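*Asks:* Heads up: the protein sequence lines correspond to chains A and B, in order. For what it's worth, the numbering used here labels the leading residue of the first sequence as 1, then goes sequentially. For what it's worth, the numbering used here labels the leading residue of the second sequence as 1001, then goes sequentially.
What the hints contain is simulated information worked out from the structure, not anything from laboratory work. None of these values were measured; they are calculated from a predicted model. Ideal Cβ positions, reconstructed from N, Cα and C, are used throughout, including at glycine. Honestly, I wouldn't trust all of these hints.
Said to hold, decoys possible - EDC-like cross-link-like pairs, simulated, lysine to aspartate or glutamate; straight-line CA separation at most 20 angstroms:
hint, chain 1, residue 1, chain 2, residue 2
1, B, 1123, A, 255
2, A, 123, B, 1256
3, B, 1077, B, 1202
4, B, 1123, A, 254
What the hints assert, rightly or not - Some, not all, of what chain A presents toward chain B, calculated at C-beta under 8 angstroms:
hint, residue
5, 30
6, 111
7, 130
8, 132
9, 158
10, 274
Number of protein chains: 2
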Amino acid sequence: MTEKIIYLDRKFRATFIDQMKQLAPNYRIKTELEVADLPNVEISLGWDRKYEKALLASDHLKWVHSISAGVDTLPLKTFAKKGILLSNGSGIHSESITEHIMGIILGYSRGLFQAQKAQLNKKWLGTSVHYQAVEKQNLLIIGTGQIGKMVAKKANSFGMACYGINTTGHPVDGFKQTYPLKEIKQVVSEVDIIVNILPLTEQTKGLFDEKLFEKFSSHTLFINVGRGASVQTNDLIQALNEDKLAFAALDVFEEEPLPEESPLWEMDKVLITSHIAGLTSEFQHKLMVIFLENLKSYIKSQKLTVNAVELTKGY
Amino acid sequence: MTEKIIYLDRKFRATFIDQMKQLAPNYRIKTELEVADLPNVEISLGWDRKYEKALLASDHLKWVHSISAGVDTLPLKTFAKKGILLSNGSGIHSESITEHIMGIILGYSRGLFQAQKAQLNKKWLGTSVHYQAVEKQNLLIIGTGQIGKMVAKKANSFGMACYGINTTGHPVDGFKQTYPLKEIKQVVSEVDIIVNILPLTEQTKGLFDEKLFEKFSSHTLFINVGRGASVQTNDLIQALNEDKLAFAALDVFEEEPLPEESPLWEMDKVLITSHIAGLTSEFQHKLMVIFLENLKSYIKSQKLTVNAVELTKGY
């Protein structure tokens, strides 16, 4: 009988390994693969580039669990063709990303980032600080999934009015109104704050371009915690220079780490964070809640019950 | 018949002046006082130092409405002796101060202030950023009045556990537990974040001193939006230098503007804001809601119905 392997792309605490062994007693669990192991990997937790070719060449790979929510860097078409199941880390980062987004909104609105810069020059801003009440501001959340809903809930509690954009424009709890992605141009001009949480797909690649920024209100705060490639960076830089929007808080970039020569670093109207919105202190635990639940149902019926990704949609 | 004057220490929109005239048709409303006017001022909106001596020398001053919530700079004892009523601006700034406090908590916890500093050096922090989930952190709110309650509500919605300190330790909605001010030393060591919202009184002057900072946990975030003189600045500086706490976000200072020679400006573990927490865009409107309500009842019965200050307590 061929050996069956669960490959883990990183080390996990012993308690989690024990639970995997209980659920899947006939599998070997490995965090490093020998050449001879490669054809026998049936389940891969994480996706390691260095094994990609070998794993896809084999017929034994059945299920890949992506650590992150975004799966845009994975070979989705090949997975689909070969019938490989895919699940993702959606939800693990929801609280963190929500806290990050609300931190940006409140920090910007209350002048905290401006104050910190002034402090470096020992400048007492007094009432000259640029501030506005968060209450009653219109927030557009692009992506009304788990994170979007959590952001809307928090934003509502601060008295903001939340609008959403999703693929079809279907209504979602907590949003005053939702619109389909194809109407984004009509919506962006009506709001004060725009947050992009969308995954990277064919539809969202380069979505934020010159033509879209053209429609922004000049006082708009733009927050990107989705994917860097959803934004045409050069168009964003130009739009900021031409006052098409007021401020951009960027956590993701077309190229990461952001290259030292990027003009974004020195722009006064930009806050750069280093892809940190999703960082969470209970990462392993949260990841395992999803993975073990799926492992249980996979062993029983070769099906995934949590966070299954539709390969044709990409999320 | 002696003329009766309502003195306003600043200009208000015509619509509000009209409403005052309707409620108090027998009063003249003035924003500048001649010497001859001084003995006839019965109501003072705001407290102007340059008229203080003359207004207190007269027997006609009956009611002072303070613009701000804090009344510590007013001659409370003289007001008490002369039976002068006092009301304050409590509540006007609640939303703003709550937004400010939550912005500090989220911005600090998600590493946003650290990221902004790193940006100035074009430094990509990656996962080396110092972050922690806001969820499940213990928050101690010192002052459980209108603002304290609003902060607790927001903090609870982020999954924080809120503890409160007030004069007697009486329970307050939204707080898991409250303690009397005299037990503050025992409580500060048990929490992650400490927010001071207390007014300045005999009991709170210099409250945060070396002995109290000694009890802080070394990872504590300390936020002061109450009054600068509640903190012994030199003791705070020493405590930060000795890692008795992790970070201080200060909006109020013993001397304002903060003098250029203050070491606080250059401290890496300090965020300085210029007494901006309470800034609100609808200031005049919110102030007038309180003042006009009191004017109505004052004219009718010489009593105040909203925000009456107990002169012996000072808030």
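*Asks:* Now, for every hint given, state plainly whether the structure supports it.
*Replies:* Results for each hint:
no.	hint	result
1	B:1123 / A:255	holds (15 angstroms)
2	A:123 / B:1256	holds (12 angstroms)
3	B:1077 / B:1202	holds (13 angstroms)
4	B:1123 / A:254	holds (17 angstroms)
5	30	violated (25 angstroms)
6	111	holds (6 angstroms)
7	130	violated (10 angstroms)
8	132	holds (6 angstroms)
9	158	holds (7 angstroms)
10	274	holds (5 angstroms)
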